[in-house]
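Colleague: For reference, the chains in residue letters:
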Amino acid sequence: MNRLAAGISSRAVAPGILRASGRAIQYLMRATFSTSLAAPLPASLPVDVGGPLTVVDTGNKVSQSGGELLTGGNTTTSDPIVQSPAFVRLVGRAFFVRFNSIALRAFAGWFNGTAQLEAADVDTSGRVYINGTALTGLFTQAFATYYDLAIVLRTAGAFVFVRGGIYTTWTLIWAGNAGTTSPLKASIVAINGTSSQKWDDFRVLDLGLYDARFATDFGLATARLSGPAAGATAQSTADALIEWTTPTTPTVTSNVRFRKVDASNYWEVRYSTTGFALFEVVAGVPTSRASDATANANGARFVVIAEGAVIKGYSNNVLRWTYSSATGFQTATGVEVSVLAGGGVISELVAWPRFVTLPGGV
Amino acid sequence: MYRARIRTPYAGSGVEGDPFRPAVADAFPLQGWQDLTGHPAEAISAAPGPYEIGAILDEETLNAIKGDGAYELLESELIPDEVGP
Chain A
1 MNRLAAGISS
11 RAVAPGILRA
21 SGRAIQYLMR
31 ATFSTSLAAP
41 LPASLPVDVG
51 GPLTVVDTGN
61 KVSQSGGELL
71 TGGNTTTSDP
81 IVQSPAFVRL
91 VGRAFFVRFN
101 SIALRAFAGW
111 FNGTAQLEAA
121 DVDTSGRVYI
131 NGTALTGLFT
141 QAFATYYDLA
151 IVLRTAGAFV
161 FVRGGIYTTW
171 TLIWAGNAGT
181 TSPLKASIVA
191 INGTSSQKWD
201 DFRVLDLGLY
211 DARFATDFGL
221 ATARLSGPAA
231 GATAQSTADA
241 LIEWTTPTTP
251 TVTSNVRFRK
261 VDASNYWEVR
271 YSTTGFALFE
281 VVAGVPTSRA
291 SDATANANGA
301 RFVVIAEGAV
311 IKGYSNNVLR
321 WTYSSATGFQ
331 TATGVEVSVL
341 AGGGVISELV
351 AWPRFVTLPG
361 GV
Chain B
1 MYRARIRTPY
11 AGSGVEGDPF
21 RPAVADAFPL
31 QGWQDLTGHP
41 AEAISAAPGP
51 YEIGAILDEE
61 TLNAIKGDGA
71 YELLESELIP
81 DEVGP
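Chains as they are written, first to last, in this note's numbering: chain A, 1 to 362; chain B, 1 to 85.
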């Protein structure tokens, strides 16, 4: 059952939904699990559009009931696993699925074989996987709650979006930029013997056909500065992901400001080969709010996620700090490369919106 | 490594090059820390009282802070290894 299209039965909308713009969404694959089926499911499971789904389930732990696919724990690694046919990696190619995790863990996302490459952990851990690397602390899940997950491929890496629970609108959880493996399979897999999940509306589509922001790697960005010099400025949304990569990481502290009101009021990240820290500057008075002493080599990638009063800092895909009382300048949108010292070079600074409206009916 | 909650005075005068910051981070080699209290910046300038930080630190540093009366170790725990996969 497709609960995303409120008031519209899933059967009425498959295979395509006629959007207000008049352009029907054509799914490359869609499964709404409308028919109740006891385990074991067919190894080649027919679906609403495209497909079939391939089901590996030696322990009879996967069934369909109540308009949902149910996974009741695993038998062994990668069993059970439910996978789409292989799809070539294309910019904007998106896997959407709705899930409700009752207990413990599962993965959902784009897989290479049985390896989760661009994926999310369906659990309370808040992990996502980019090119198979786990990133922690990225989003907050509760058990027994419905979430919509969208993993949108880029030339390298993927965007991970979540809606549901505390996320009242589509929220950009991470903008991954590593990994070019192709083809990939949209997949779900239970990874704990006592895990329990419900899944619905498993679908693949080319999002860029319906929203031009996803037709290119950086179409969603609110700002993109290539090789910015000190003093370069940009605008973000107030709630934003701001990332920059340093082919040459500075040996002396360099600074990037965000949520900047003016020259005396802003948030600032100060980073170097030896640290990564958050400062609040109010009326020119600096207060250090968080710091991390992990070494940052050349090629480091720094990401700041600002949402409401919470600011998180990641370096090299690892959460380094979280400051949860960032009430100052919450609506400010200025970004500035304020200091580039110690031989530091930024190859690219990109600002992404934290909250995104996706086309209706996807 | 350990995760600890520490009460510390502020250091610094609130000017560029000498920001307000936790004194314990000046005195001991913390791997990382974050302000847990979140005093408004204006309040720190007016009366910089003690506040709490969450810190990542090694066992030796943890024990040294325990024995230093300038700081109060409120709680600590060993950081478990990340559960795979």
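There may be inaccurate statements among the hints.
Here are the computed lysine to any residue pairs in the SDA-like style, where the Cα-Cα straight-line distance is at most 25 Å [as the list claims (entries may be wrong)]:
(1) 198/A with 358/A
(2) 66/B with 294/A
(3) 66/B with 293/A
(4) 66/B with 81/B
Reference listing, derived: stretches of chain B covered by chain A, where coverage requires no fewer than 3 residues with Cβ under 8 Å from a Cβ of chain A [claimed, not checked]:
(5) 31 to 38
(6) 41 to 47
(7) 60 to 72
Not close to chain A: a few residues of chain B, all C-beta gaps over 10 Å, as computed [stated by the list, open to error]:
(8) 2
(9) 5
(10) 7
(11) 12
(12) 27
(13) 50
(14) 75
(15) 76
(16) 77
(17) 78
(18) 80
(19) 81
FYI, nobody ran anything at the bench for these hints, they're computed from the structure.
Beta carbons: idealized from backbone N, C-alpha and C, even for Gly.
Colleague: Are any of the numbered hints broken by this structure? If so, which, sorted upward?
Modeller: Result: hints 7 and 11 break, sorted rising.
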